[in-house]
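Chain P is already provided as a structure; the job is to place chains Y and C on it using the hints.
For the protein sequence lines, the chains are P, Y and C, in the order given.
1 is the number of the first residue of the first sequence in the numbering used here; add one for each residue after it.
1 is the number of the first residue of the second sequence in the numbering used here; add one for each residue after it.
1 is the number of the first residue of the third sequence in the numbering used here; add one for each residue after it.
Relax, there's no trap hidden among the hints.
Since copy identity is lost for identical chains, a pair holds within one copy or between any two.
Derived DSSO-like pairs (lysine-lysine); straight-line CA-CA distance at most 30 Å:
#	residue 1	residue 2
1	K148	K19
2	K216	K148
3	K76	K19
4	K76	K148
5	K163	K90
6	K253	K19
7	K167	K189
8	K216	K76
9	K148	K90
10	K76	K253
None of these hints come from the bench; they were simulated from the model.
Computed from a predicted model, the values in this text were never measured in an experiment.
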Amino acid sequence: MELRLVQGSLLKKVLEAIKELVTDANFDCSGTGFSLQAMDSSHVALVALLLRSEGFEHYRCDRNLSMGMNLGNMAKMLRCAGNDDIITIKADDGSDTVTFMFESPNQDKIADFEMKLMDIDSEHLGIPDSEYQAIVRMPSSEFSRICKDLSSIGDTVIISVTKEGVKFSTAGDIGTANIVCRQNKTVDKPEESTIIEMQEPVSLTFALRYMNSFTKASPLSDQVTISLSSELPVVVEYKIGEMGYIRFYLAPKIEEDEEMKA
Amino acid sequence: MELRLVQGSLLKKVLEAIKELVTDANFDCSGTGFSLQAMDSSHVALVALLLRSEGFEHYRCDRNLSMGMNLGNMAKMLRCAGNDDIITIKADDGSDTVTFMFESPNQDKIADFEMKLMDIDSEHLGIPDSEYQAIVRMPSSEFSRICKDLSSIGDTVIISVTKEGVKFSTAGDIGTANIVCRQNKTVDKPEESTIIEMQEPVSLTFALRYMNSFTKASPLSDQVTISLSSELPVVVEYKIGEMGYIRFYLAPKIEEDEEMKA
Amino acid sequence: MELRLVQGSLLKKVLEAIKELVTDANFDCSGTGFSLQAMDSSHVALVALLLRSEGFEHYRCDRNLSMGMNLGNMAKMLRCAGNDDIITIKADDGSDTVTFMFESPNQDKIADFEMKLMDIDSEHLGIPDSEYQAIVRMPSSEFSRICKDLSSIGDTVIISVTKEGVKFSTAGDIGTANIVCRQNKTVDKPEESTIIEMQEPVSLTFALRYMNSFTKASPLSDQVTISLSSELPVVVEYKIGEMGYIRFYLAPKIEEDEEMKA
Numbered sequence: 001m002e003l004r005l006v007q008g009s010l011l012k013k014v015l016e017a018i019k020e021l022v023t024d025a026n027f028d029c030s031g032t033g034f035s036l037q038a039m040d041s042s043h044v045a046l047v048a049l050l051l052r053s054e055g056f057e058h059y060r061c062d063r064n065l066s067m068g069m070n071l072g073n074m075a076k077m078l079r080c081a082g083n084d085d086i087i088t089i090k091a092d093d094g095s096d097t098v099t100f101m102f103e104s105p106n107q108d109k110i111a112d113f114e115m116k117l118m119d120i121d122s123e124h125l126g127i128p129d130s131e132y133q134a135i136v137r138m139p140s141s142e143f144s145r146i147c148k149d150l151s152s153i154g155d156t157v158i159i160s161v162t163k164e165g166v167k168f169s170t171a172g173d174i175g176t177a178n179i180v181c182r183q184n185k186t187v188d189k190p191e192e193s194t195i196i197e198m199q200e201p202v203s204l205t206f207a208l209r210y211m212n213s214f215t216k217a218s219p220l221s222d223q224v225t226i227s228l229s230s231e232l233p234v235v236v237e238y239k240i241g242e243m244g245y246i247r248f249y250l251a252p253k254i255e256e257d258e259e260m261k262a
Numbered sequence: 001m002e003l004r005l006v007q008g009s010l011l012k013k014v015l016e017a018i019k020e021l022v023t024d025a026n027f028d029c030s031g032t033g034f035s036l037q038a039m040d041s042s043h044v045a046l047v048a049l050l051l052r053s054e055g056f057e058h059y060r061c062d063r064n065l066s067m068g069m070n071l072g073n074m075a076k077m078l079r080c081a082g083n084d085d086i087i088t089i090k091a092d093d094g095s096d097t098v099t100f101m102f103e104s105p106n107q108d109k110i111a112d113f114e115m116k117l118m119d120i121d122s123e124h125l126g127i128p129d130s131e132y133q134a135i136v137r138m139p140s141s142e143f144s145r146i147c148k149d150l151s152s153i154g155d156t157v158i159i160s161v162t163k164e165g166v167k168f169s170t171a172g173d174i175g176t177a178n179i180v181c182r183q184n185k186t187v188d189k190p191e192e193s194t195i196i197e198m199q200e201p202v203s204l205t206f207a208l209r210y211m212n213s214f215t216k217a218s219p220l221s222d223q224v225t226i227s228l229s230s231e232l233p234v235v236v237e238y239k240i241g242e243m244g245y246i247r248f249y250l251a252p253k254i255e256e257d258e259e260m261k262a
Numbered sequence: 001m002e003l004r005l006v007q008g009s010l011l012k013k014v015l016e017a018i019k020e021l022v023t024d025a026n027f028d029c030s031g032t033g034f035s036l037q038a039m040d041s042s043h044v045a046l047v048a049l050l051l052r053s054e055g056f057e058h059y060r061c062d063r064n065l066s067m068g069m070n071l072g073n074m075a076k077m078l079r080c081a082g083n084d085d086i087i088t089i090k091a092d093d094g095s096d097t098v099t100f101m102f103e104s105p106n107q108d109k110i111a112d113f114e115m116k117l118m119d120i121d122s123e124h125l126g127i128p129d130s131e132y133q134a135i136v137r138m139p140s141s142e143f144s145r146i147c148k149d150l151s152s153i154g155d156t157v158i159i160s161v162t163k164e165g166v167k168f169s170t171a172g173d174i175g176t177a178n179i180v181c182r183q184n185k186t187v188d189k190p191e192e193s194t195i196i197e198m199q200e201p202v203s204l205t206f207a208l209r210y211m212n213s214f215t216k217a218s219p220l221s222d223q224v225t226i227s228l229s230s231e232l233p234v235v236v237e238y239k240i241g242e243m244g245y246i247r248f249y250l251a252p253k254i255e256e257d258e259e260m261k262a
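With the rest of the complex left out, here is chain P (with noise of 0.2 Å):
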């Protein structure tokens, strides 16, 4: 197995984003891409990423390998890595390291860092494709900001879709908070508009802790998509470049008095 990717920083970012999250997980390579699905280490949350084989300037890969990694220590060597190096990642068939090769835009420096493989049980889930009640998209940063501020005030958050726009409540000990934003399709920057693509009204309510662990993802992507339907997790997803996506699935908390509403 040899991918090279000229974007190293991707790989960089993909790991800050998902090393919080979960601990030791198997990487697969196939013909279709490399990719990673795992829970967190509290089994509440899903990860889901896929870096298409098209995204790499070079891709081979003889046969299917799973390769289980610490994520902690990946993000360590990938760190040494510079933001515009090329990043090539190189396993042996039966070989129980993976090496990283690190090379400067220049090909003054070449590093090569080999880790350990681990055996690691885990079995794929089949996530069906699904239908949503509301799909809304909206500045990563924007995103990000919202979870941190409510972060402050209380442990949930309750997400709540309507035509005009997207509502974010929480509430604690020391008070309430709702933020609003409307739908704005600005035209001139793309990256900055909020876009609602409502079936029905949906709200949600959502432990903080992971949405905030979901925004690690934001350097990834100037943009983010949260797919809602009441029967359904939730879906965050950054895309990355043109070559895949993250996607963080989290199942919504059913409140008591929410239940006596239903």
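Then chains Y and C, alone, in the frame of chain P:
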């Protein structure tokens, strides 16, 4: 009561300036303006804040209102306002909550933070206008740097004013330090000037810990005014735009051998 | 003694460079210049500093003087100097204090910091000029980055020089790392060049902890020079403008299986 402040960042900076010194305090709203007077938690320093009604875009206050707030919690909420946001403070008569509304400049994002009020006993001290022996106006960043630098050597600062300049001195286990700032009426950059109005020379000793707390107000103003008299608390004043001020009052330390000399 | 250094920031950087490694040391003042030689607190590494008299705007030293200083305290005082300040070091014969005077460029602010001297026993080691098997000159930021990166993997670094380049290697629990920097005589930006002068190939092992301490001197110079010989301590040298240098000496580690091979 409804007060609309276009330059919301001023209120953010006010809270950052005083929240370390004062834990809980009553904000008073009257026809004159929005104000606060409070002792620090160790009852040594006094803070007085005034934001005049004319400085608000909209100022409605039907009858005088005193609202007890925890400044740490208030600062937490204000930190959720963007630096360019318009902030509106709202309270209903007899309500036990206050609402802070933050509007982004383009009205895309509107946030409401509701905070519980508290009952706080406090008496308002009348602070008489006084004549001071010496008044020093200097760059707030310079004053802040000097207090911080001297804190690495000693615990107290002696501020001595003569016609030529102002001297800040300290002593500690590792040695002594003297910093002299000369009068300098720079015409082209008034915010960098150091101006001394002196009736008679004065030399007073203060705890650096409090001085360092006061300098947290530096982001509010390029200049700080320090008013000194041997029989009076020092006044360290930062203007808040055209609309008001924060004033810190601190009694000088009476050193034993200074008393002897006197 | 009175030494006036227009580019005071150099002295600030010198202290930041060595204060972590050396706690107390004698500064020696003679006709040649202002110098220091000291072992680190664990008596493994040696620091030698020289600031030649010609580099000072004014240099008066009537007779040789050795002044024992606590470098942590000295660094505290120098941190109070502005980056553009002129620094003057003053000491009277037989005095038990030294004075650091900081003048701001426009002479508006003048500070005197007086520090107590201490008696420190030390013997001055004669360091003979040696021939080295290999001398590597490379960007100091690059060397610093490499030492920091390798520290996240292992505790020691093997530095191996060949005609083509210099290799830095380490190994630890999570894996291994090799970083190769190729010779690169970039003409247009000499500060980014990597130049290798080699008599014969050499490969030596050092503790990364010390190498990382040495790289604290990187702000002093764009380039670092690493001189290696199998029988000698490595010399890591940073030039201080045109006026002197800091040199760090560290004995190689003799690994057991390396001894076997030898």
